[in-house]
Amino acid sequence: MSIGHTLLGLLESGPRHGYDLKRAFDEHFGQDRPLHYGQVYSTMSRLLKNGLVEVDGVEAGAGPERKRYAITDAGVTDVAQWLARPEKPEPYLQSTLYTKVVLALMTGRDAAELLDGQRTEHLRLMRGLTERKRSGDLADQLICDHALFHLEADLRWLELTAARLDKLAAAVRG
Amino acid sequence: MTPAGSLLEARALRKAYGPTPALDGADFSIHPGEVVAVMGPSGSGKSTLLHCLAGIIRPDSGTVRYGPHTLTDLSDTHRSALRRTDFGFVFQFGQLVPELTCLENVALPLRLNGTRRKAAEHRARDWLERLEVDDVAAKRPGEISGGQGQRVAVARALAPQPRVVFADEPTGALDSLNGERVMGLLSDAARATGAAVVLVTHEPRVAAYADREVVVRDGVAREMAGAA
Ligand SMILES: Nc1ncnc2c1ncn2[C@@H]1O[C@H](COP(=O)(O)OP(=O)(O)O)[C@@H](O)[C@H]1O
Ligand SMILES: [Mg+2]
Chain D
1 MSIGHTLLGL LESGPRHGYD LKRAFDEHFG QDRPLHYGQV YSTMSRLLKN GLVEVDGVEA
61 GAGPERKRYA ITDAGVTDVA QWLARPEKPE PYLQSTLYTK VVLALMTGRD AAELLDGQRT
121 EHLRLMRGLT ERKRSGDLAD QLICDHALFH LEADLRWLEL TAARLDKLAA AVRG
Chain E
1001 MTPAGSLLEA RALRKAYGPT PALDGADFSI HPGEVVAVMG PSGSGKSTLL HCLAGIIRPD
1061 SGTVRYGPHT LTDLSDTHRS ALRRTDFGFV FQFGQLVPEL TCLENVALPL RLNGTRRKAA
1121 EHRARDWLER LEVDDVAAKR PGEISGGQGQ RVAVARALAP QPRVVFADEP TGALDSLNGE
1181 RVMGLLSDAA RATGAAVVLV THEPRVAAYA DREVVVRDGV AREMAGAA
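Keeping their order, the protein sequence lines are chains D and E.
Just so it is clear: in the first sequence, position 26 is 26 by the numbering used here, and no numbers are missing.
Just so we're on the same page, the numbering used here is the position in the second sequence counted from 1, plus 1000.
Careful: at least some of the hints might be erroneous.
Some chain D residues near chain E, calculated using beta-carbon distances under 7 angstroms [said to hold, decoys possible]: (1) R127; (2) L155; (3) V172.
None of these hints come from the bench; they were simulated from the model.
Computed from a predicted model, the values in this text were never measured in an experiment.
Where a beta carbon is used, it is the ideal one built from N, C-alpha and C, also for glycine.
Based on the provided sequences and hints, a complete structural model is requested.
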């Protein structure tokens, strides 16, 4: 999952301090793996270097968590491109997809469209696997079926999420 | 989307049962020889779309064009005639006539189109073989398994060489292995005869047998961008 894009997305609703970014990340996306401060600062310095964020102010006192970051126009474009680009279907994608859906809702983008784009990507791969399965031997069939069942599970999740977008939007926006 | 060379094309279909719309401006098109999956949650309007496309029900507004015909303008008689000669149907359950043998079931639409008994049963037997169920030819639908029954139903739909096959959840009552056998045989047979297949399914593994997918949500059909 892309921590950089996630932190950028969180900055879209307004500038935040380092400690505030970590807190927001943990609250929305860090259930089983909260961020370390170290990850926040290494990520933010990379984003700074790439011009995707800028320092908007520094609180009195020492320590990088006192810096306040704001997203730049280039940063907003970067988030938009990331959200619009379907993920390559692979196992354990849910956390990335979940993050994208929540960020799309938080930033007022079309989450249903994002889910549709991902479904197309999944089905494209499933069609390829189905063709390979049908022309292959038993081993091919079993290998392809395994992948197909996993992709199908992802698709079911996409479908259920699409059906619950309104509820999720209400929860995310508080 | 104006698909050049499409065989069947619907525009802006609307259909309501009472106050709530089942279709709310749905577009659709399919080319000869193409298999298109119609996906979407339960209640989204997939079956209503299929019934409108096949001329089984008339939409409240919008048009369905099939080749040179505008289905939505034809009389009921004319539409039924076209359905018999040009369209084939496979549904989830119960479409075989229980009193007839499987062979007679497959031969039935051919007989209705005026084919003589011998020729019809000969063709029916060919189709049962293609669907790998010629061994149940003499049995009645009550004596065979669900998977065999669906293959007989596919044989019956394809035997008159329809130009469009409408399949509404054809694997919905089957386990995965049987469902995939039916889909493999249906899509191969359709491609071999150049028939177009409108395949309604909510199962992604079944949809993966199609060339592309259309998603219906709240009565609106969307062609998925970027689908090959
Ligand atoms: N004959 C009917 N009478 C009343 N309501 C109907 C009828 N057929 C369908 N509907 C309603 O229209 C909507 C779409 O149904 P349908 O096309 O069967 O959806 P799907 O096939 O996607 O499950 C649903 O809300 C359903 O309850
Ligand atoms: Mg239905």
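So, going through the hints one by one against the coordinates:
no. : hint : result
1   : R127 : holds (5 angstroms)
2   : L155 : holds (5 angstroms)
3   : V172 : violated (21 angstroms)
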